[in-house]
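Asker: Below are the chains, spelled out letter by letter.
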Amino acid sequence: MLAALERRLRPVLLPTGVLLGTLVVWEIAWRIFNVPRFVVPLPSGILAETWAWRGYLLTHSWVTLYETLAGFALSIAVGTPLAVMLVYSPVLRSALYPLLVVTQAVPKVAIAPVLLLLLGAGEVSKVVIAFLVAFFPIVVNTATGLAATPPELLDLSRSYRASRLKTFIKVRFPMALPFFFSGLKVAVTLSVIGAVVGEFVGSDKGLGYVIVSATSYWKSNLAFAAMLLLSVMAVGLFGLVELVERLVCPWYALAREQQEVVEELSVKDLEKIRAAAG
Amino acid sequence: MIELASITKTYRSRQGDPIHAIEDVSLAIKEKEFVSLVGPSGCGKSTLLKLVAGLVTPTRGVVRIRGTEVREPFPDVGIVFQSAVLLPWRTVLDNVLFSIEMLGLRADSHRDRALSLIELAGLAGFERKYPWELSGGMQQRVAICRALVHDPSILLMDEPFGALDAMTREEMGLELLRLWEERRKTILFVTHSIPEAILLSDRVVVMTPRPGRLARVLDVQLPRPRTVEMEFDARFKDHSDEIRRLIFARRQEPAHARRA
Chain A
1 MLAALERRLR PVLLPTGVLL GTLVVWEIAW RIFNVPRFVV PLPSGILAET WAWRGYLLTH
61 SWVTLYETLA GFALSIAVGT PLAVMLVYSP VLRSALYPLL VVTQAVPKVA IAPVLLLLLG
121 AGEVSKVVIA FLVAFFPIVV NTATGLAATP PELLDLSRSY RASRLKTFIK VRFPMALPFF
181 FSGLKVAVTL SVIGAVVGEF VGSDKGLGYV IVSATSYWKS NLAFAAMLLL SVMAVGLFGL
241 VELVERLVCP WYALAREQQE VVEELSVKDL EKIRAAAG
Chain B
1 MIELASITKT YRSRQGDPIH AIEDVSLAIK EKEFVSLVGP SGCGKSTLLK LVAGLVTPTR
61 GVVRIRGTEV REPFPDVGIV FQSAVLLPWR TVLDNVLFSI EMLGLRADSH RDRALSLIEL
121 AGLAGFERKY PWELSGGMQQ RVAICRALVH DPSILLMDEP FGALDAMTRE EMGLELLRLW
181 EERRKTILFV THSIPEAILL SDRVVVMTPR PGRLARVLDV QLPRPRTVEM EFDARFKDHS
241 DEIRRLIFAR RQEPAHARRA
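As they're listed, the protein sequences go chains A and B. First residue of the first sequence? That's 1 in the numbering used here, and the numbers climb one at a time after it. First residue of the second sequence? That's 1 in the numbering used here, and the numbers climb one at a time after it.
If you are wondering where the hints come from, they were derived from the structure by calculation, not from laboratory data. All residues carry an ideal CB built from backbone N, CA and C; glycine is no exception. Be a bit skeptical, because a hint or two may be false.
Reference excerpt, derived from the structure (chain A facing chain B, CB under 8 Å, subset only) [stated by the list, open to error]:
id: 1; residue: S61
id: 2; residue: A147
id: 3; residue: A148
id: 4; residue: L153
id: 5; residue: A162
id: 6; residue: R164
id: 7; residue: L165
id: 8; residue: K170
id: 9; residue: P174
id: 10; residue: E245
id: 11; residue: R246
id: 12; residue: C249
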């Protein structure tokens with residue numbers, strides 16, 4: 001029983017242990033070597049600062065979260081239909097795909113100042129930057145998934161004279177869902193980065209702004225607190241997408257778990273199991 | 001019932017060269033007959049199947065079903081492929097009912113039929129299971145049920161047991177015969193296995209390598225119902241020797257002669 005619990009918790013306990021261990025080493029080493037606190041602060045200091053500035057940090061977190069989610073939503077709304085068009089129309093594919101690759105080759109950090117000039121220093125420019133970095137993985141993954149439909153299933157649908165729309169709804173799109181979700185997982189973390197890049201370039205709100213202004217006043221504790229919240233946000237959003245994936249296509253996760261190799265048992269383990277079974 | 005009249009199918013490769021998949025094939029298949037197509041890879045067996053299904057149109061020649069020319073896919077056929085290609089988010093029952101839904105028929109009025117087919121295929125008790133919970137052989141049984149649920153008069157099978165292990169394969173062949181005895185269909189069965197073709201079919205069509213032509217159509221002289229023991233029958237051996245001769249005779253010709 002205890003062994004089973006341990007196996008289930010291991011994926012959580014191990015990384016948590018490594019993280020806590022790193023923090024402890026960090027704290028002790030900094031105290032021993034007396035590293036200047038304004039360069040890299042202590043973990044305990046960061047936590048204290050996060051608590052002290054909680055209201056301020058929460059307000060700015062809310063702005064960044066809002067920009068991220070708006071950009072992410074926009075990238076789904078644009079990226080998914082675009083992927084469908086690319087798969088269904090060879091003309092559009094040859095016309096648009098090279099251009100899409102070009103838009104991705106341009107560094108977003110480089111066009112961020114231009115976008116701010118065009119769209120102003122408000123939230124809109126951040127949403128657009130978040131969208132620009134996030135939509136490409138959604139397009140590529142969804143298009144790959146749609147193109148990966150087994151040709152036999154397409155032949156089968158055609159032999160039943162099912163319409164293309166029906167085939168799309170009943171076969172192609174559900175088949176592509178796992179690909180779609182792996183695109184979303186990449187996209188959601190990229191949206192956070194996009195929003196923060198926008199805030200770096202120019203804003204008076206958001207965690208990106210907090211980091212820029214805190215570092216310019218040597219308040220590294222506060223800057224690290226903002227970084228901490230950004231990480232929590234990105235990880236949380238990633239987990240949320242994964243949760244939705246499990247709810248929408250449980251068959252995918254279940255089929256994957258089914259295929260996982262069960263670990264080897266030693267003779268001793270086997271004897272223990274036998275003894276427990278009586 | 002199925003009539004292929006001097007069918008030629010030529011594809012164009014990416015370089016623009018013509019690829020002759022099938023050349024001048026004529027064949028007539030009777031109602032409720034079990035016909036196998038054997039031949040080396042790339043002899044156009046699968047193309048022939050798709051031509052009958054109306055999924056591919058011939059470059060020259062005509063395919064007729066009951067006297068009517070086939071120009072597009074038609075629903076009076078069931079198709080089984082080498083891989084089961086089931087939908088992983090659907091249960092066994094819903095996978096079988098997939099055909100009904102795609103045909104635009106009412107699923108609930110076909111539920112009983114689907115369930116009785118599932119039982120007939122030896123899958124009773126698995127109706128609510130998902131594909132990943134089934135073995136390869138069981139998945140293929142579901143695919144066969146899916147091809148039969150709308151009661152088509154023609155069943156097209158493209159190496160349906162090719163991905164299964166030898167023992168499951170033999171068992172599935174006999175199961176298919178049992179099913180066929182119960183629900184008589186016209187079956188066109190593509191296979192790589194010469195014994196499988198002889199054991200199951202009324203007639204075996206032997207094809208030549210590309211371009212695919214008919215080398216010989218062989219009447220199987222074994223009584224029905226067929227059993228595994230018939231593989232030791234002298235007639236079985238004669239048939240399989242003859243088919244091997246037809247297939248290997250061409251292979252032993254020197255390469256330059258073949259190309260000419």
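Asker: None of the hints should be skipped; say for each whether it holds.
Answerer: For each hint, the structure was consulted:
Hint on A:S61 is violated. Least Cβ distance to chain B is approximately 37 Å, over the 8 Å limit. The restraint placing A:A147 at the interface with chain B is violated, with a minimum CB-CB distance near 16 Å, outside the 8 Å limit. Because the beta carbon of A:A148 sits about 12 Å from the nearest beta carbon in chain B, more than 8 Å, this interface hint is broken. Evaluation of the A:L153 hint against chain B yields a held restraint, the C-beta minimum of about 5 Å falling below 8 Å.
Checking A:A162 against chain B: minimum C-beta separation of about 4 Å stays under 8 Å; hint holds. Of the supplied interface hints, the one on A:R164 is violated, with its beta-carbon coming no nearer than about 12 Å to a beta-carbon of chain B, more than 8 Å. Interface hint status for A:L165: violated, as the beta-carbon distance to the closest one in chain B is roughly 12 Å, over 8 Å. About 7 Å separates the beta-carbon of A:K170 from the nearest beta-carbon of chain B, less than 8 Å, and the hint is met.
At a threshold of 8 Å, the smallest CB-CB gap from A:P174 to chain B is about 6 Å, leaving the interface hint in force. For A:E245, the interface hint is violated, the least distance from its beta-carbon to any beta-carbon of chain B being 13 Å, above 8 Å. At a threshold of 8 Å, the smallest CB-CB gap from A:R246 to chain B is about 13 Å, leaving the interface hint violated. A least Cβ separation of about 7 Å between A:C249 and chain B falls short of the 8 Å threshold, and the interface hint therefore holds.
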